[in-house]
Each structure stands twice: as structure tokens, then as C-alpha cells.
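Sequence order for the protein chains is U and X.
Here this note's numbering is used: the first residue of the first sequence is 361, the next is one more, and so on.
Here this note's numbering is used: the first residue of the second sequence is 361, the next is one more, and so on.
Since the hints were derived computationally from the structure, they do not count as laboratory data.
Certain hints may be false.
Unchecked claim - With beta-carbon atoms standing in for the labels, derived distance ranges:
1. N556/U x I552/X: 48 to 56 Å
2. V384/X x N520/U: 52 to 60 Å
3. P740/X x F683/U: 21 to 29 Å
4. E378/U x I552/X: 53 to 61 Å
5. E819/X x N520/U: 39 to 47 Å
6. P799/U x H667/X: 18 to 26 Å
7. E394/U x T366/X: 49 to 57 Å
8. T366/X x P626/U: 25 to 33 Å
9. F683/U x N747/X: 52 to 60 Å
Every value quoted in this text rests on a predicted model; they were computed, and no experiment measured them.
Backbone N, C-alpha and C fix where the C-beta goes; we use that ideal spot for every residue, glycine too.
There are 2 protein chains.
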Amino acid sequence: MDSNGTSFLDKVLNLVKEDRSESVPLIRFKHPKELEAILDLDVTKGVSDKELEQCVRQVLQYSVKTHKATFRNQLFCGTDPYGLAGAWITEACNTSQYTFEVGPVFTLIELKLLNHILKLFGIPHGDGIFSPGGSISILYGLVAARYKKFPEIKAKGMRNLPEMVIFTSEDSHYSIKKAAHWLGFGTDSIRIIPTNAAGQILVHKLDEAIQVEKDLGRCPVFVNGMAGTTVLGAIDDLDAVADVCKKHGVWMHVDACWGGSLMLSPKYKTKLKGIERANSISWNPHKMAGAPLQCSVFLVRDKGLLHEANSAAAQYLFQEDKFYDVSYDTGDKSVQCGRKIDAFKLWMMWKARGDLGLSLLADQTMATAQFCLEAVAKRPGFKLVVNELQCPNVCFWYIPSFMRGQDMDGQWWEIMHKITPKIKELLTLSSQLMVSYSPVRQYKNFFRFAFTFHPTVDEDQVLRMLQSIEDCGETVTLDMVS
Amino acid sequence: MDSNGTSFLDKVLNLVKEDRSESVPLIRFKHPKELEAILDLDVTKGVSDKELEQCVRQVLQYSVKTHKATFRNQLFCGTDPYGLAGAWITEACNTSQYTFEVGPVFTLIELKLLNHILKLFGIPHGDGIFSPGGSISILYGLVAARYKKFPEIKAKGMRNLPEMVIFTSEDSHYSIKKAAHWLGFGTDSIRIIPTNAAGQILVHKLDEAIQVEKDLGRCPVFVNGMAGTTVLGAIDDLDAVADVCKKHGVWMHVDACWGGSLMLSPKYKTKLKGIERANSISWNPHKMAGAPLQCSVFLVRDKGLLHEANSAAAQYLFQEDKFYDVSYDTGDKSVQCGRKIDAFKLWMMWKARGDLGLSLLADQTMATAQFCLEAVAKRPGFKLVVNELQCPNVCFWYIPSFMRGQDMDGQWWEIMHKITPKIKELLTLSSQLMVSYSPVRQYKNFFRFAFTFHPTVDEDQVLRMLQSIEDCGETVTLDMVS
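The shape of chain U in the complex, shown without the other chains (with noise of 0.2 Å):
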């Protein structure tokens, strides 16, 4: 390799492009043990540039393309092209997002990028930081809550505190019962309030569960509400939930990681009203906007707070005699040291399309789901789960023809609950569609579309995949699920 490596990112880069054209399929799929078989992955030995670049082709070769239409697997798919340009740019100057000394232009990027966005989401004195995705963003939350209500558990922890519960809905994601175990709470202190079919959380159900625990002597400290839950995309009516987090003095957290993109059309942020109301707030570009992962923000209405909770005022880092402003050393808010520069790539994809460009993408975004869940409704075999768009997810069961025309009863269901898996494998094989599926509560197995900005599907190719999972569909046998 040359001093600097240029001609073998060249090379690389060359990979990457060719890896984008059209006619390389969404994935090659190959079960684990066989991928091991093909793949050498052994590092014990070096290799030359020229076998190196054989491995790299080859790791392509199998990864899967998730920007391609056909990539309905994740909340994610397609990158923001500008997003990528961040992100290539943030990789090569290498820097960590802790003091201005080091990443001056980056941190005056994180801090006006945080400032627009608390201003969109309508809470402009807030404070806000990049977080490794929304599950440290909930962890965020949870500490930012706990703080504010008890300062002394920084020192003294939580064997002295009242015993806290955090309410969360039924359609929520794990993440929070992962945070209650780590931050000591236990995943018992998380009491489950269900929604109704549609997944929203049933705001009296919310109300009568807090006022249970107070009148147990217990300590309501985090109300969490969705604005998009993981499957069905729901949205909780969130003047509601403030409503009741205001009259019983708990602090409310919205989960946006998926629906926060809405908020970026004028259009649509209506459906998360009450979100302005949040004490925090998490949204994850990297998901519906297509920044490339990870790009994932949280959001505080307390100005001072992150500061307060997490400030551990390292002498060799965040010297107090530094020849500059240090206010702008933001590190001590993180519970990370060294933080990666997340806020560059998606303050690329903000300066090239402006408010506008992102308003377009996201309304264009709901109009493709809009279409989408119309086409499931009418076309044959099809059956939505939910009849009405909230996020733009669409999600619905395919009944293949020898299914049709039953009692859906128990047995009938255990069946396409078993029949959905069976399609998804077909399809995957067929290098046709990866799509994710589900059960949520009652409802078994069941395909999920969740649209993004990128790439712009258009209504021809929703029409084609829909056609994939029919095609698939009418291959399965009864033999095969059984």
C-alpha cells in the first residue's frame, strides 16, 4: 500500500460503485455454516492489496443491499447519498465529538444542528446529543428522569430510593426493558398498559395504572410514549399522555426513534402533536430519514440536565484551564468518552435539501404507504392488519387461495402463522424481497412494510412486490407448514 492508502481506497471504492448497479441481486442467500465454508476469514496471516480486494468483492458478494426498493427488512433502507458523503468525510478526519479542540467545526455542527431540531420538535430551550441509537437514547431518558426527581442517586444509586415505576405501552419497544435492568430499576418496575387495536396505548388504562402506584406508595417516574411503534407504527395521542403526565407530575419521554421523521413535514408532524409537551424525546435518523446508521438523537426540555446527571469532570479531558471557551466542550453531557461525530452526515443531508427537501421526501414517503396499504385492501389474498396509515408502515397477511373461504378460527390462524414465516423464506431464496414479519398481541405472523425516504419507491415496484409475496404465496403447501 501506498503511504497514505489512496490508490486502495480507490480500488475499494470502485467496489462499492459497481456493487450498486442494478443487476446485482438483493442478496445471495447462503445458510451460516455454508457462508463460513466459502468465505476465508481467517486474520492470522496477512495478505497482499490484491487479496485483499478479492475478500472485499467477496464480503459484497454476500452482504445484502439494503438500498435497494426491495429491501423492506428493517426500519432502514437506502442511505441519504449526501448522508453517506458525512459519513465518509467524518470517517477520514477521525476525530471524537468531546472537546472543541479536537473537532472544532463538528462540535459547532452538533450544536446548531441540536438547536434546529429542538426548535422543530418544539422545544427550542432544550439541550440535546447524539447517541449510539435509541436504545441508549431511552437509557438517556431514564437517567435524565431518575436525576431529576432524586439528585442524590448519582452518589448514593438506588438502594435508598423509593421504589420507582416506569409506564410504557404494550406495542413499545424492548429497549426500555433492557434500560430498567441495566439502570438498576428491575424489569419489574415496568407496568405494561395496552393499546387498543391499532396499538395505541389507552390513555385511561395509563391514568388509572398511575394512580394504582401512587396510591401503593410507589414512585411514577417515566411515562413512555410512542410516536411509531416497531411493527404497527403507531402513534400514541400524546396531548393526552401529557395531559396525564401533567395532572399526576410524571415525566413523559417520547419514543420518536421511528416516527420523529414525520415531524420534518408540515403535513404530517400533526399526528405527533403533544410532543412539543415531552420532558425528552428520542428520534432515530438513521431509521425512517435515511441517515446512515448510526444517527440517532436525544432531546431534554431541561437545559442544564444532561450536564448535571452525567458531568464526571475528568481533569485530563475537560480542564477548567484551557485557553478557550470550554462551555463549548460538550462531553461531560455523554455517558460516553470518546463519541462518534454522528451529527455530520445528517447536517449534510439537512444543508443540501433544506427543511423543504426533507418535508418533500417524508411527504412522498407517507403518499407511497398510502398507496401501498390501498393496494393490500383491495387486492385479493390480501388482509390488512390495521386499516389506517399512522406511520408509514403497512402491514398485512397474505392468504394463500387453499386458505380462503375457511372459519378463521384457532386453528386457522396457528396455521398462517406459520405460513407468513414460510413465504419470507421463499422470497428471501428467490432473492426476490426481504421483508420482516411478526406476531403483535392477538395478531399472528404477519407481514410489515415500513416505508423510508429512500430510495423512492415508486407505485409500480409496491405493485411488483406485492406480487413477489403473492408468487411466493401460492407456492406454499399445506405439507410445508405443518
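With chain U's structure known, arrange chain X on it following the hints.
Same frame as chain U, but now just chain X:
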């Protein structure tokens, strides 16, 4: 922008290449307010590709060149070019490290690499995970230790558990304080064990402290041994620490975030003898070894523990009815849901260089540090803080001529405490050198050179950096620091 953004990416990459030329200064320092006035960071309105290119130019212009040898400001410097290629491919592939289906190759690479690393660290039957930094890794360590001792923590939380105590050295990293707060132990649960002058934990004091807590009926749960303290680079006597942990039945963690890279060298790994007896280890290849940030490994001896402690079995992601071997879906070991692919860049570095190539880089780094140590020792006006090399940290004061030949009393040291930051300021403003400084215990502000695998720093460069310090140091006057 063209449909897949290729031409814009090409332009941006050319700017990145230009930015790496020798003639580009280390830093063009501007104070925060000055820089804010120069940059147009507002994102409200979108800009053309041409204008965005101009923005990128500015971003690069005012960003610190962390790839230059004169960047001695942190525990990272330079980037392995293969690592950078890996990082760029990762960004382009944009997927998440949770299920085999969306990252088949990356899943196998993470497994293979972790196994290789586990062998290297002497715990071949253990388990591991890539985390977003050393601070998150210590959270993993504490969570694992606590869960192993009290599995009921997961459901029941901290309230009904015995009072737990954590032990760490005076010179250890501040992240353990943040972790103790977050996880609900509270910082009061930390016992700070004194060190010797070189920064190594006093093992008999550790032994005594554990015994005291036991006698008081408290539960010692975690000992944090250091393999490379942040400032002095001290490596604890890990074998002796392991003996104490064994004697008392306490979990032994080794924070090898900095020093762990010495394990790559057969010559220097003996410095970490005893690490193979640890219950858990954290190592950041993004520090000394030059992997692009973030690249952080957490290792644990007990194979099933990560999964057992952290799993939440989300039905929408870790379905048990998938058509492939779901034991390859490793995401439920993590506290994160979406998780950035941090293994691939390290794999690229390792595949290109092999064990031997990496060991040579480690040896060269230590040789450079040794040369620097000796140069500082014999150079007039320079004074070492610690005379022996542990990790490749060289810590020293520069004593300007006007301060020499005086009593080194309290007042004299107070002036030295101000001189060091002043010299740093002058070095930064003149773009000659960015160097870290810090006080540690009784030692007043001193400089730290921490050497890394990249870029190779030759003896002339070391001498020139010392010369820069001397030159700037000689322009400091008593007035400037009064």
C-alpha cells in the same frame, strides 16, 4: 445529484485527499465565536451541490488533522488506511449488527474476529461484543458481574440487593463513575485504591479494602484493574490483582482500552500478564491500534452470560421460527438494538497485516516511545514524570530557563501548573503541535505524549516536537502566567 450520488461522492473524496497533503497545517485554530462567524451552518434552506462542496471545503479547512504525527492530543492519532477502507465499505453497506439475515458476512466476521481476540487475550472459550466505546464497555462489565452474582437484578432491580462495592485505582478512567451512577450503584459505592508513583494500584491496599467491606457486611462485586491508565499509561500488576480477586471471590475486570493493543506484540504482552485470569476485559482498537473511531471490544470469560444477562427476546426481530440457524442472531447479547458494524474495519486491518504485521506496529510504537523517553530524560529543561515506560506514554514538564535553578517548592509548582497550559496554547495557535496536558494526583499540569501505531513517527519528528515545546516554552514569561 445523480441518482446514486456517485459524482458528488467522487468530488468529496477528492477534497478529502487534498486535505491529507503534507502542506496542510495541523490546525487553523479559531475561537468558537470566531469560527461561528466564519461558517454558514444553518440548514433551513437547501444549497446546491456546488455550494455544499464549498461547505465541505470549509469543514475540512477548520478541522484538526488527526492523521498528522504532530497530533499528540489524545490517545488516538492517525488511522490505519485499511481500517479506513473498511469503515467506508461499512458505511456504504449500511446495515446493522443484530441478525444474520441483514448482515450475514458481518455477523461471521464479528464472530471470527472475536474468537481470534479471545484467544489473543487468553480466554479462548469466552464471548464478546463490539460496543460503542470504552465507557459502554465498562457498563457491560459491571452489568455482567452484577448479574452473575445476583441474577434477580434483571427483574427485581437494585432495591432489595445487598450493598455492592466497586474497586478501582486512583488513576483509572472516570467512566467507572458514570457507570456507577447509571447502573444505580451510585458513585459512593466506588472505593478508590491508591497507586504508587507510577500509577499502579497498590495491591495490598486493594486486598485490605475488600476485606474491610466484607467485614462491614457489604458485597464486593467488581475490581477494575488497569492495563494502561489514561494519562501515565500505568499497567497494574494484573497477576497480583487476580490473586486478590480469587482470594475474595470478586469479579475481575481489566480496563485495557488503551494498553490492550500491546497484546498484539509477543514482546510486550508480558506486561499484561494476568489479564488471562480476568472475568472481563475491555479493549479499544480505536486508540493505540489506529482503527477508525468507534472500535471497542468487550470480552467476557463466561460464554452464555452476555446473552443471559441482556436478552429481551423481541419477537419482531429475534423470531424463533426463522428458516436459518438463529444462534447466529447475536443482537440480543447487546444492550443496543440497531448496532453499527464496528468489527469489519478492524478485520480489514488485521487481514491485511496479519498477527505479525500488527505486532511489528506495536513494537515500533514502543520503540518510538522509548526513544522519546530517553530523549526527554537527557534534554535540558525537560523533566520526566515517570522514568520507566509502561504503555507508550511519555509524560513530562518543560521548565523554561527562567524557572530553573530554583527551589521546587509549592509556589514554584503552582507556576509550573500554569506554564504547561500556556505552552500548549502557543503550540496550538502556531499549529506546531497539539499535545495533551493534565495534572495527576500530586503532579501539577504536565504534558503527555501517547504514541500510536499510526502514523509512524521517526526519531527526527520526536526531536522536532520536543524542540517545538522548548521554543514555545522559552517565549513564556512570568507575566503571562501570573
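Hints versus structure:
| no. | hint | result |
| --- | --- | --- |
| 1 | N556/U x I552/X: 48 to 56 Å | 53 Å, holds |
| 2 | V384/X x N520/U: 52 to 60 Å | 56 Å, holds |
| 3 | P740/X x F683/U: 21 to 29 Å | 27 Å, holds |
| 4 | E378/U x I552/X: 53 to 61 Å | 56 Å, holds |
| 5 | E819/X x N520/U: 39 to 47 Å | 58 Å, violated |
| 6 | P799/U x H667/X: 18 to 26 Å | 22 Å, holds |
| 7 | E394/U x T366/X: 49 to 57 Å | 33 Å, violated |
| 8 | T366/X x P626/U: 25 to 33 Å | 32 Å, holds |
| 9 | F683/U x N747/X: 52 to 60 Å | 30 Å, violated |
The structure does not agree with the numbered hints 5, 7, 9 stated previously, though it agrees with the rest.
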